[in-house]
Amino acid sequence: MIRTVYRSFFVFLSVGCAVVAFDSERLSAPAQAAESSSQDAGAPILVVSGSTAGGQERSYSREEFEAMGLATLTTRTPWNQDPVEFSGVKLSTFLRQIGASGRTLRVTALNDYVTTIPIEDVKYDPILATRRDGKPMSIRDKGPIFIIYPFDDDKSLNSELFFSRCAWQVKSIQVE
1 MIRTVYRSFF VFLSVGCAVV AFDSERLSAP AQAAESSSQD AGAPILVVSG
51 STAGGQERSY SREEFEAMGL ATLTTRTPWN QDPVEFSGVK LSTFLRQIGA
101 SGRTLRVTAL NDYVTTIPIE DVKYDPILAT RRDGKPMSIR DKGPIFIIYP
151 FDDDKSLNSE LFFSRCAWQV KSIQVE
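Final position of the sequence shown in full-length UniProt numbering is 176; the numbers increase by one with none missing.
One or more hints might be untrue.
[Unchecked claim] Below 27 Å or equal to it, Euclidean Cα-Cα: the simulated DSSO-like pairs (lysine-lysine) are:
(1) K90 x K171
(2) K171 x K135
(3) K90 x K123
It is worth saying that the hints were derived from the structure and are not from the lab.
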């Protein structure tokens, strides 16, 4: 009787583990699809809303976003010990292109992390990076957009305040 109970429990446990393993493989498929879709030509990578010219919500593909003009910034970050070359749209250029008229940016990441960036931060010359070492940034590599400040150029930026403004995997920006 006890052996039968143990044997039944072992079979149940084995089948349960197999089902969990199967489900975890299935669950990773949407993550893989999201990863690859962020690289698809024409797929939206950023939604902009709020106090902008026209006042309408607008989505940008990587191509549309980068057409605003790419700038390059090489710096160390809290997440990289060696200098990294980031390319993307300067915050000042982005704000001008969208006709921003607010005082702050509410930035939301794919994991729903939210940070607020004062528009006056343009004086530090941050960029909305879409490329790392010349290659488009994938979601796995903190893309499609990663806000980067020039930490090596201005030591006052090396603080938790500015680190917290460096949202990665940015999906939306609301001008307030």
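Quick rundown of the hints versus the structure:
1. K90 x K171: Distance ~17 Å between K90 and K171 Cα, so the pair holds.
2. K171 x K135: holds, 19 Å
3. K90 x K123: Since the Cα atoms of K90 and K123 sit roughly 11 Å apart, the hinted pair holds (cutoff 27 Å).
The structure fails none of the hints (numbered hints given earlier).
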